[in-house]
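Chains as they are written, first to last, in the working numbering: chain A, 1 to 162; chain B, 1 to 162; chain C, 1 to 162; chain D, 1 to 162.
No copy is singled out in the list; a pair is fine if it fits within one copy or between any two copies.
Straight-line C-alpha distance at most 20 Å; calculated SDA-like pairs for lysine to any residue:
#1 K120 with D68
#2 K42 with N25
#3 K42 with Q117
#4 K42 with W118
#5 K54 with G34
#6 K120 with G85
#7 K54 with A4
#8 K120 with T153
#9 K42 with A4
#10 K120 with R132
#11 K54 with P74
#12 K120 with P65
#13 K120 with E66
The hints are simulated quantities; they were obtained by calculation from the structure and are not laboratory data.
There are 4 protein chains.
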Amino acid sequence: MRHAMPVGLIGPREATPEQLQAARNLGYALAGTGMTILCGGKGGVMEAAAFGAKRAGGIVIGLLPEDDANEANPFLTVALPTGLGITRNALIARASLCLIAIGGGLGTLSEMALGLQWNKPVFTLLGAPLVRGAEVFDDVDTLVASVANWLVTARQTQTAKE
Amino acid sequence: MRHAMPVGLIGPREATPEQLQAARNLGYALAGTGMTILCGGKGGVMEAAAFGAKRAGGIVIGLLPEDDANEANPFLTVALPTGLGITRNALIARASLCLIAIGGGLGTLSEMALGLQWNKPVFTLLGAPLVRGAEVFDDVDTLVASVANWLVTARQTQTAKE
Amino acid sequence: MRHAMPVGLIGPREATPEQLQAARNLGYALAGTGMTILCGGKGGVMEAAAFGAKRAGGIVIGLLPEDDANEANPFLTVALPTGLGITRNALIARASLCLIAIGGGLGTLSEMALGLQWNKPVFTLLGAPLVRGAEVFDDVDTLVASVANWLVTARQTQTAKE
Amino acid sequence: MRHAMPVGLIGPREATPEQLQAARNLGYALAGTGMTILCGGKGGVMEAAAFGAKRAGGIVIGLLPEDDANEANPFLTVALPTGLGITRNALIARASLCLIAIGGGLGTLSEMALGLQWNKPVFTLLGAPLVRGAEVFDDVDTLVASVANWLVTARQTQTAKE
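In isolation and in its complexed conformation, chain A is listed as follows:
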């Protein structure tokens, strides 16, 4: 936990204005607390979160499905083209401390299921798929506070072990 693993931000390319607004606010708030964000690097929720994080001076990494970064969103700090297609979803879930889903369909569902299988906390907002074990939130502020609380507790547990 000492090392800078990112928070995973997942959600659809096709998003509602409300989801996009939440993603911008969420990216801004996460970056403001010093968290690094990992996402799929594409448009919609991913782009909005990267935009928000960039405004707060944060770091956003995009794991792209393609072989190159030509279709990455322009707000990523670092674009990592994996050439893995949608299989890169598994890497997003694997490499994140926890996952935050805003809306989303089958892609988001696959990431949530993999994250929960790896015992990662999954926080959701605004119509993300319902999966047993994921925690549903109504607004960005409560969700960010909950993620921050979890991170602090996890860090303390880690430190106590060392």
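With chain A's structure known, arrange chains B, C and D on it following the hints.
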């Protein structure tokens, strides 16, 4: 479609007697119609299906999460250790013509979500996760008939294109 | 070792007549001794080996870089499209008991390097890249005998441990 | 090319003092010119390069083979545990604009071979494996100048196309 892509058989290691019986029958029936089976290579539903397919002289391939085949089930025709951990779920969904789920939890859910994202038909039995787009069946025979029908139609469509 | 892990057969799509002839003979000989073959599923050396193995009634599995099996060679027993692009090279090295290279360039070199890193024996023929740790052979018969010898010894070591 | 793809820095965990010194200087120089660095996240050359980049205020991302970041080097800006084992080598090569190798054995060789297959420039220093297509350098400064030159040219070509 001319080439021998397999049918994906997914389901949990911890299964009920009813699910195991269905998996054995399903493996036997699929192998009997000449279909090759791809699965995760472990115990439970995967082992029961491999057992059934072996009795019918069929081919079953296991994509294992581990680095070696020491923990593969003993009924696989070919064991392929991927060293990818649970990320190998994505490969099972990617490499299969269609997916058949018997029961299952988060792992099965992730495979179904990925398969549906790749437009693969998903057939389910006996308590598999409910996902929009997956077809729910009550018994093995009806499911096998439906899979066989789909394959015949898919092959004809493919042949007509060529 | 009890479980049916395959022998990996690697080599280029663009091959000389001599390499293709060796691949056909090698596929036939390996299949004749009951070994399952794993390859990249494409043309050239991979197709020639699959052709030879098929004539001997053997099983050949192709891990394809593409999302579907449309460009697989027609002699595969099972075609597994991975959607991973060239990254599937790592899976071929990871999932094989040992690797046999016929000719080859950068792709074959990457598979040899990964296989050797995982302590897999690597046998080469007819102009495969020279890598320290890989064993160079002059003809198919001596190579097949050497692979068979290694497999027998490896099985005995495994059995003695159990 | 507009988007921030990283430069890949590859090399062994067991390194000579000369290689470690070069890696520190290289990390510092690359970060000083504003380049983001992608590496394997472990010790030796990877840790030295991350240390140097951190001193220059740069960003270093580590794609770890493990499931968590417990064994990451402490100088990474972001640690991404992939759970892929050595197969993550392919991702390092795939996601980088170009590769720079300092020393190295089979792991570095596999990354160089994959990078060259994907037409990525490969620059090497201090005993990296010799592979046709990779450019060999004698000192850090000349190498950094050459990488910077290549990046500028690549960006101009990209811009001209747009």
